[in-house]
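Take the sequences, apply the hints, and build the full model.
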Amino acid sequence: MFSSFMVNTWLAATTVAAIAGVVGFFVVLRGASFVAHAVPKSAFAGAAGASLLGISTLGGLGAFSLLGALTIGWLGRRGRHDVATALSIVVMLGLGALFLSWSAEYASEIYALLFGQVLGVSGSEVLVTVVLGAVSLLAVATLYRPLLLSSATPELAATRGLRSSRVELAFLLLVALVTTTAVPVVGALLMFSLMIGPAGAAQALSRRPATAICLSTAIALCTVWLSIAASYLSNWPIGFFVGTLAGLAYVAARLAAAALRRRAVSVERLGAAGR
Amino acid sequence: MRALFEPGFFASTPVRTALVVGAIVALASGVIGVLTVIRSQSFSGHALGDVGTVGGSAAFLANVSPLWGFLGIAVLASGTMELFGVERRRGRDVATGVVLGAALGLSALLLYFDTTSTSTSGAAVTILFGSLFTVSSDLLPALAGLGGGVLGAVLVMYRPLLLSSVSSELAAANGLPVRFLGVAFLVMTGIGVSLSALAVGTILSTALLIGPAAAALRLTRRPGRAMLAAGASGLAATWLGILLAYDSFYWPPARKGWPVSFFVVALVLVFYVGSGSLSSARSRRARGTT
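Sequence order for the protein chains is A and B.
For what it's worth, my numbering labels the leading residue of the first sequence as 1, then goes sequentially.
For what it's worth, my numbering labels the leading residue of the second sequence as 1, then goes sequentially.
Hints listed in this document are in silico derivations from the structure and should not be mistaken for laboratory results.
Check the hints yourself; a few may be wrong.
Partial pick of chain B residues on the chain A-facing surface, computed with a CB cut under 7 Å [unchecked claim]:
1. I38
2. S42
3. F43
4. V98
5. A102
6. L104
7. T126
8. P177
9. V178
10. F180
11. T206
12. A214
13. L243
14. L244
15. S248
16. V265
No experiment lies behind these values; they were computed from the predicted model shown.
Heads up, the beta-carbon is just placed ideally off N, CA and C, and yes, glycines get one too.
In structure tokens, the structure reads:
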């Protein structure tokens, strides 16, 4: 499991989990799960198109996740945001279906793009993943204050002169960047589980942003590490483990938060009775 | 006429089945879709379609029609989503996301079993992207029954559903069971999405649900009229899509036909963009006359 060809896998997956945990925090805070789901799906069409043209998959992924993010931003300005997101997803996927029917792509490769191909990551791919991951983290660090302010209290952000449309655009671009980094490793559909599950769990447990971000990253890392190990041992697709573990983490966190609240209430009552 | 309809269009059985299936799906999706857009539940609708992948791939393993898989899982998932997060809008968003994520993971496993246990490798593509031409005509009675059932349910619950969609506080003040209506509507959405997943595949099913409805709601504010318009434009998109896909058989580059799902989605988008320019032209004219 830790042999030399697996080192790349561990490195790439750890990077992806770290950025998914951090960016996922903002996704959940902004209630933008749908966007986080839509952009990776658009990217899938890009990968299909890239294989048709014979250019690099990463280029196709980048171009289409950018295109998807900008379409959501553009359509969302005029109409309902969720409708805009839904429509941009289906347009991109429709294009993906067309590209797939044109190219002689095998079903297994499509499957890998959708559900991830962790085993067999090459050295150059790891380098790209790590560099893009570092850029994403840097972007989050730069945007930290405005993102947090406009996500948590949009009214306050507006009074401080923060343009919400600009922050929204920056956020969409960030999601596109993270998508490009992660999709080659965990696949278009499961990038999303990794962003939502751990971050949702973290926010159920803590209301403080810094704590929640750390928790979310930690949960995402554990999810990915356990998934790689389980996938290596069972030979089942990694996406299955990522999806289920992320879901379980969320359910466990919700239950734990409810239990903590109950205990706090009963302690309070005891205190009141004692007085 | 010959240029428009390739020879043999109306004589082919798959085409005839596809036309009937497309009509049922478009009408049911149009009606449900208008309510989905009014309730701002596009994400739930989309998620139910994606979740259907689990059912579709399980049905593939069990060797039954994917429709039953779509239906079973959509009803199950809609219940889970309501159970998880109802208290706040953001809670609903995360709950939908988590259910969707877990379901996608499960479908990864089932599709993996599909591709390894059977000799056919196309399960993933068929379930995800669908094709109207592969729907078996044996399913027609069941499809008609489901589509009719959804339309009937909307008719029966029309007023309460609409009121609770526009303002849940007002509906609760009027003594309506808001929670029950929410669950019932989500189950109906599940059925509607399953139908359209059969037609255009699980990950494109959103197109028929949201596209025509959103276009219609840009043109009229009346829900009843919007439902009619959405049904009609959905019908036009599917039928034209079938025709174009049939005609595309000799088109470049592959000369094996373009996918029918692509045409349906593209036409839905064209209608949406068209409705936008129509409504803005109309409002310009209205401003000009006053």
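Tested hints:
no.: 1; hint: I38; result: violated (10 Å)
no.: 2; hint: S42; result: holds (4 Å)
no.: 3; hint: F43; result: holds (4 Å)
no.: 4; hint: V98; result: holds (5 Å)
no.: 5; hint: A102; result: holds (3 Å)
no.: 6; hint: L104; result: holds (5 Å)
no.: 7; hint: T126; result: violated (10 Å)
no.: 8; hint: P177; result: violated (25 Å)
no.: 9; hint: V178; result: violated (20 Å)
no.: 10; hint: F180; result: violated (23 Å)
no.: 11; hint: T206; result: holds (5 Å)
no.: 12; hint: A214; result: holds (5 Å)
no.: 13; hint: L243; result: violated (17 Å)
no.: 14; hint: L244; result: violated (12 Å)
no.: 15; hint: S248; result: violated (10 Å)
no.: 16; hint: V265; result: holds (3 Å)
When held up to the earlier numbered hints, the structure conflicts with 1, 7, 8, 9, 10, 13, 14, 15 and fits the remainder.
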